[in-house]
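**Q** Each chain, written out:
There are 4 protein chains.
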Amino acid sequence: MALPSGQPLLPDQTSLEQQNRDLGFGSVMSRQRQLRLLNRDGSFNVFRQQPKWWRRLASYHFLLNMTWPRFFAVVFASFVAINTVFATAYYLCGPGAVQGDVGVPYAFLRCFFFSVDTFATIGYGNLAPSGVVAHVLVSIESLFGLMTFAIATGLVFAKFARPVANIIYSKHAIIAPYRGIMGFEFRIINGSHNQLIDVEARVVLTRFEDNAGSPQRKYYQLTLERDRVSFFPAAWTVVHPIDNASPLYGWTHEELAGSGAEFLILLTATDETFSQTVQSRSSYTSEEVVWGVRFASLFQDVDRVLTVDMQRFDALEPAS
Amino acid sequence: MALPSGQPLLPDQTSLEQQNRDLGFGSVMSRQRQLRLLNRDGSFNVFRQQPKWWRRLASYHFLLNMTWPRFFAVVFASFVAINTVFATAYYLCGPGAVQGDVGVPYAFLRCFFFSVDTFATIGYGNLAPSGVVAHVLVSIESLFGLMTFAIATGLVFAKFARPVANIIYSKHAIIAPYRGIMGFEFRIINGSHNQLIDVEARVVLTRFEDNAGSPQRKYYQLTLERDRVSFFPAAWTVVHPIDNASPLYGWTHEELAGSGAEFLILLTATDETFSQTVQSRSSYTSEEVVWGVRFASLFQDVDRVLTVDMQRFDALEPAS
Amino acid sequence: MALPSGQPLLPDQTSLEQQNRDLGFGSVMSRQRQLRLLNRDGSFNVFRQQPKWWRRLASYHFLLNMTWPRFFAVVFASFVAINTVFATAYYLCGPGAVQGDVGVPYAFLRCFFFSVDTFATIGYGNLAPSGVVAHVLVSIESLFGLMTFAIATGLVFAKFARPVANIIYSKHAIIAPYRGIMGFEFRIINGSHNQLIDVEARVVLTRFEDNAGSPQRKYYQLTLERDRVSFFPAAWTVVHPIDNASPLYGWTHEELAGSGAEFLILLTATDETFSQTVQSRSSYTSEEVVWGVRFASLFQDVDRVLTVDMQRFDALEPAS
Amino acid sequence: MALPSGQPLLPDQTSLEQQNRDLGFGSVMSRQRQLRLLNRDGSFNVFRQQPKWWRRLASYHFLLNMTWPRFFAVVFASFVAINTVFATAYYLCGPGAVQGDVGVPYAFLRCFFFSVDTFATIGYGNLAPSGVVAHVLVSIESLFGLMTFAIATGLVFAKFARPVANIIYSKHAIIAPYRGIMGFEFRIINGSHNQLIDVEARVVLTRFEDNAGSPQRKYYQLTLERDRVSFFPAAWTVVHPIDNASPLYGWTHEELAGSGAEFLILLTATDETFSQTVQSRSSYTSEEVVWGVRFASLFQDVDRVLTVDMQRFDALEPAS
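Taken in order, these protein sequences are the chains called G, C, A and Y. Numbering follows the numbering used here, with no gaps: position 30 of the first sequence is 901. Numbering follows the numbering used here, with no gaps: position 296 of the second sequence is 1167. Numbering follows the numbering used here, with no gaps: position 109 of the third sequence is 980. Numbering follows the numbering used here, with no gaps: position 180 of the fourth sequence is 1051.
Watch out, some of these pointers could steer you wrong.
[As the list claims (entries may be wrong)] Within a straight-line C-alpha distance of at most 20 angstroms, the following computed SDA-like cross-link-like pairs (lysine to any residue) qualify:
| # | chain 1 | residue 1 | chain 2 | residue 2 |
| --- | --- | --- | --- | --- |
| 1 | G | K1030 | A | I1022 |
| 2 | C | K1030 | Y | H1064 |
| 3 | C | K1030 | C | Y1091 |
| 4 | G | K1030 | G | G1062 |
| 5 | C | K1042 | C | G1062 |
| 6 | A | K1030 | G | S1063 |
| 7 | G | K1030 | C | T1148 |
| 8 | A | K1030 | Y | A1032 |
| 9 | C | K1042 | C | D1180 |
| 10 | G | K1042 | G | S1168 |
| 11 | Y | K1042 | Y | R1165 |
| 12 | C | K1042 | C | G1002 |
| 13 | A | K1042 | A | P1189 |
| 14 | G | K1030 | C | K1030 |
| 15 | A | K1042 | A | L1127 |
| 16 | G | K1042 | G | A1186 |
| 17 | C | K1030 | G | L935 |
| 18 | G | K1042 | G | Q1182 |
| 19 | A | K1030 | Y | H932 |
| 20 | G | K1030 | C | V945 |
| 21 | A | K1030 | G | E1143 |
| 22 | A | K1030 | C | A1032 |
| 23 | G | K1030 | A | F1031 |
| 24 | C | K1030 | C | T1148 |
| 25 | A | K1042 | A | D1185 |
| 26 | G | K1030 | G | R941 |
| 27 | C | K1030 | G | F1015 |
| 28 | G | K1030 | A | N936 |
| 29 | A | K1030 | C | A1029 |
| 30 | C | K1030 | G | H932 |
| 31 | C | K1030 | C | V945 |
| 32 | C | K1030 | A | I1022 |
| 33 | G | K1042 | G | F1170 |
Hints were generated in silico from the structure; no laboratory data involved.
Model the full structure from these sequences, guided by the hints.
**A** Dropping the structure here:
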């Protein structure tokens, strides 16, 4: 992965060898011009044929990557569905299977509430099973309830324990004056309460260039003013100085947009909470790069304590 | 592990030194000719004397490596067995120990259903314990139930959280024209929903060669066109170009089969879900290598979205 | 991070380049003179605008970093709050919704105890729901109870499994005679029962120096007599010999205090229990450095077993 | 940790510098002559003053490192203790607090069984609380029960998930003829069902040598015929060839015993189940080294499957 910076990676080689340095996108993805390679949220612009819906639903990773509200909705729907199935079974056992007078006039509904009683292992006893078949169903449902609960607990914990680098990227990257020359800059902040350490950034520029008359996608790793910080207590502005070795040197906004340029951002860090390595990816297309502005300062001195004001994170000011 | 590629690892050294480079199979396994060293699923072709069946059953790794259907079958059988044991204990306490009329004519079955009631902590109360001994049994069973449930929950989560590189290997490897020469190729795809990154491949060829009249197993690491990808969004075709430095150079299908050749595939990757390093192993014997074909393209353009068609993953076409 | 030791890192460069070597504190934090950069407990002296109180409460990291007593207090308060909400709902269903005579004269309190019965899935049945609405509430509460319990279990385990390098730092660092010259020393011990191995120490001195009339913060990594130990069975005294290459060479206590000096301590280690890498940070300001003393010996020979006496960990003796 | 092999590490330096290379045992432990540094089970021969017994009991690591039988004994004792405390509280509420006739003549015992009913959230209802105070106690106990169960579940899973390199070391190391010279050898096997990969061995010889009339402890890293294997499917015999560069060259059994020699064994490996790095330590004193024998072969050909016979793992044969 040690791409030479500021130089075309493969100035005069065949597309097959270029494929070897494309980070793994493959020749087919690299030929796509209308698509961005990476989405803002770091996912890839490629889809596999979907598995059947029920396989998707049963997929651990599907449940793990859900937002919490969706996860709870799935849990709620499953709870209703399971109890409906068992309620039907109790109902089919006949009127004597579930006994008790609980002020619920409908027999099926009584069976449903009895099922909840059993599935959740409450067991008030105002509704109670009677007969061998009903008791066998109760045995099955109680085991089913215990295992379902074990799985739900496991999923909840897995959602908790999963390391997520909640890196927030500035909405726009900028190209602005920087120490006498120009610089490509974007800003990141840690969006979680967890402490990230040893944060490392890599920025790869990809664009189409004319290769003997036909456009060809090229990949360049950009040199950064600083590519690693030990600590990440506040915001970090990642800067690529556009010196004369930079592949951006002398390019205008229009030329960059015309080349289908995309800046691929790759971050790795250590999440201190569980000492796990986390990755974060994002990208800026040329439309998401603003020229001639600078980032507003984030810091305030509140009661002599250095304070980061998140409201100003995306704020841009005209460059002086 | 940095074996020189394209050269016999140990052209003229003793078998003891060769043993040092055999990846750890040891001299005894290396002498076996009729066996493959690695199975397709990555397991080793060696067995340790089995521990006693009950130790096997109690083994955490045994339960962890089970398929889910088998795991649930073990859970179900344990549930029935435990409740049978406790039912017997309640039954031996005499007819008064478990009281209540629940439409179950057989005393033992009543005890069994009462045990389920207790083990799953439902406790309807239509069956209830009576007497000191029954209550002591209830106390023991409830603790037992709680601990069993804790263990089951732990196992379920461990099965979830275990990183598994579900790499799917193409059914066959191929030897086919590749950029003017021949190439050894196989194809892999990520079979899970989790994202794998930093995937690294190593291919070791092992075969028997004539060493002063007696066959001797040799190990060669094959040079790959590309041995690492940062991203793995779609399929990856791993290619070993058979140039004149390759140990496959000039060999025919028949010669390779006669030498007992086996291609050992070793992959490492990072599973992004839990940021864990995962390994995957497989192997191709010479019977599993097809000559003179190529892999069918996997990609489709569905509604302008690049799509991978898993149906064609194993499809081969005649090489042009 | 391989800072040259014993040399100003950036003797004659601009503040922008210095910023590149500041471990990530950033130029804004580096300009602060009245603040220490790192607190004794390893946290940073910077604050982000607080999220709203309820987001804080819901934050996984917030709950994870709590002390156990506070965590249990939050759990207890949540338990009371949730049951109060459900008790109110049952109460609003009217007097017939929760039936039973349990010696509690107040209807709302009966509803509260019934809610506890349900939430904890006890279900004695001496209080029991009646009517459709009450049963629907019971169904919701039981699901709510199960999920809450799953979350609590996940949190408890996450608090357990979280690797914490409970390194105890001596209250004071010392500067004292050491092998003919002077040395900067501090002492650490493992405060947990877990075994730490491969412990590595890094000490960075930061202080303000006069730069063409204006004070500027500088960072120096100090050479250690030994910066890594494979094993950490007892205490480890970390020593920086103040030879003539040391940035402390020739400095007095007063000069150091005047420069706002702070010694940043960065430790990494492997926690053997879960084979996790753990970090620990601390710092000593010049006020916390005692001159001309030495650490008292920690070891005792108790019944011919080498024993560490924690009582003397912070004890200082006059240097001979 | 890259100690030069076959050479005294510190031929003519002071004890302070030697201390720097002692793997972290420190000068105090290194001066002990009557003690071995490492025990056979890999623990260190040093003790910290014990914390108070109740702190020990509450220690997560204490419970985590317990054997399963001891762990379950602690769980059982806690269960009895907690229910005794709550039974006492219910008993002190007076005879009306716990109502019901369950064939148990003693009021305290009834309270105890009621407490079990509540703590385990069974709630048959044949024993039921009455009055405000009893219900408040029930609320507290149910929360207490849920949290205790959450903690127990967390502990059980943590015991499961903890990576343990269950490396079994041969009872004796041997010094025997090896390829024309002598060799120091010991044998290891993986005692678990989990697969270990990338196993790496380091062997350090420590002994006392005469240093200007006073004995001084020296440390030597021994060169291994092979110090790493990628796979560990069967047993691995680790061999140090005693060539003329070896610190054992020319030493007799008696001389070695007289020098207080100890061979420290340090292994690292990757446990494939959870992809975790695991460590294992052990040591052989000169009394545990047998001269002039060799290890019996472990392999059997059972139905044409290569099989490891654990019964012969410690078996020694006279060297040919």
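**Q** Which hint numbers does the structure go against, in order from smallest to largest?
**A** 3, 12 and 20
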